[in-house]
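Novice: Residue numbers (this note's numbering), protein chains in the order written: chain P, 32 to 154; chain F, 27 to 271; chain Y, -16 to 90.
Worth flagging that the hints you see were computed from the coordinates, not collected in a lab. Heads up, a few of these hints could be off.
Stated by the list, open to error - The calculated lysine-lysine pairs, modelled on PhoX-like cross-linking and capped at a C-alpha distance of 25 angstroms, are:
1) P:LYS141 x Y:LYS55
2) P:LYS141 x P:LYS58
3) Y:LYS55 x P:LYS58
Letter by letter, the chains look like this.
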Amino acid sequence: MISVSAVLYSTSLILILLGLYGVLTRKNLVRVVISLDVMDLGVNIFLVTIGYIRDGRAPIYLADVPASLADQASRMVDPLPQALVLTAIVIGFGVTAVALTLIMRLYERKGTVMVSDLRGLKW
Amino acid sequence: MRKVIGVLLIASFAFFVFSLVMRDLWAEDPAAVRTLGQAAVEQTIPQSGAANTVTAIVVQFRGLDTLGEVTVLFLSALGVALLSGEFSGRGLKEVFRDDGGFILYHGARLVLPIIILVGVYIVAHGHLSPGGGFPGGVLVATAVYAVLMTGVKNALSTRLMAVIEGFAGLAFVGLGLLGLLSDRFSFLANVLPKGSLGMLFSAGIIPLIYAAVGTKVAAELSTLVTSLTGSDYASAEKAAQGGKR
Amino acid sequence: MVAMVIVVSVLLIGLAAGAVFVRSLGSAVILLGTVSLLVSATFLLLAAPDVAITEAAIGSALTTLVYVLVLKRTNSVDSLEDGSNLQTGKHSEPASNGGSPTGGSHA
C-alpha cells in the first residue's frame, strides 16, 4: 500500500506546480496572488509531512492518561516542522495582505487589474 | 505563447524535482522522529514545563524567531494601513454601507462575546492544548469583523488599537529582558517557576508571552481589516475634510 | 487512514486547479477558502492540531475576508480572465494608459 507520506509529498508538489503555473500565465493580478497562495499551501503541507511518523500522535503531553510520559514521547510526531509552519502561515498571510493592498492602489491609479493593460514600464 | 512557455517551464521543473526525489517518494513512513525532533520532544518538560511541545519550541527554544514573526506581522499591518486607509485620500469609499439585515446585525452582536471568549481561551491555554497566541488573536480579531460587516461607521478606534499593540509588543520584549536579569543571562530565558504539568499557571513565562502575542495580533489584525474597509476614524475625518473643501 | 488522505488530496488538487483556472474571480476566491479548509483537515490527519487551528483561522477566515474586501474595492468580483467585467460591463483596452514611453527628455 502507498504510505501517507508518499501521497502527501506528491500532493504538495502538484500544488506547488499548479501555483507556479498560475503565477506565470494568469493575466489578472488578483488571480496571480491567489496562485501564490496556493503555492504557499503546498509548501506548508510539504513541511508538515516531513515530520510525520507511522501511526503518530499529536505532540502534546497528557497528564491524566495511564501511559507514561516516555511512552507518550515515543509515539509523537516531530514538532519542529510544525513550529516552522506556524510562522510560515502567519507570514504568508502578511504577504497576501500587502500584495492585495498594492493591487488596490494600482487600481485606484490606473483603473485596471489586468497585467496586459499596464504598459508603464514598456517602451 | 505565454501558456506554452509556462507549461514547458513547469514540465521541466517537475521533471527535475521528481528525478531528485523519485527514490524517497515511494518510501514508507518513518518509524521514529529524527534526532532534533527527538531532542525537542524529550526536553520539553524538563526545560519548559509546558505540555504542548510545539508551544515550547515556538516560545522557548526558538523564541527569537517568534519575535521576528511578530515584527513581520506588524510591518505588514503598517504597510496595509499606510497604503489603503489613512493616507490614500481620494478614491476612498466605505465597503459595508448598509447594515446587512436583521439577522446579520443582531446575530453578530449576539455571537461577539462568545467569539472573544473562545479566542481568549485559546490564547490562555496555549501551553496545554493546541492553539496559542496566533490563532487566538486571529479569533478575537474575527469578532471585530463580525460587527464590522454590519456597516458600523467608526467601529474601531485605531488609535486605541495602536496603543494596545505598542504596549503588548513592549511586554514581549520586556519579558525577554527579564531573562537577562536572571542568573541564566540570556534573552527570553524561562525565569518564572515551571509548576506541575497540565496546570494553567505553569510553564514559566510561556503563558505571559503568548498573552502578549495574542493581544498584539488581535489589535494588529483589527487595524488591518478596518483600514481596508475605510471605516476607521482617520479615514472618516479625511473624507469629511475632502468633502468640505 | 491512507484512503482518507487520498480522498482529501484529490479534492485538494481539484479545487486548487479550480481556483487557478475558473473563469470568474469571485468563485476563485471562494474556492481558495475551501482549499484552505481542506488543507487544515490534512494537517489534522497529519497529527498537527496546532497548525490546523492556525491555518483554519488565518487561511480560511482572514484571507478570504481580505480578498473579498479588496475585490469589492477594485470592482472585480465578476471580472473574467480575458479582461471583461460582468459587473461594470467593460472590456479591457490594451496599452491605452500607463506612463510616457520614454524618459521625457525635456522639462
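Novice: For the pair supplied as a hint, LYS141 of chain P and LYS58 of chain P, confirm whether the alpha-carbon distance does not exceed 25 angstroms.
Specialist: holds (16 angstroms)
Novice: Below or equal to 25 angstroms on CA atoms is what counts here, so check LYS141 of chain P against LYS55 of chain Y.
Specialist: Between LYS141 of chain P and LYS55 of chain Y the Cα gap is close to 16 angstroms, so the pair holds against 25 angstroms.
Novice: Checking one constraint from the list: CA of LYS55 of chain Y to CA of LYS58 of chain P, max 25 angstroms. Satisfied?
Specialist: Measuring from Cα to Cα gives roughly 19 angstroms; hence the hint holds.
When the structure is compared with the earlier hints, no violation turns up for any of them.
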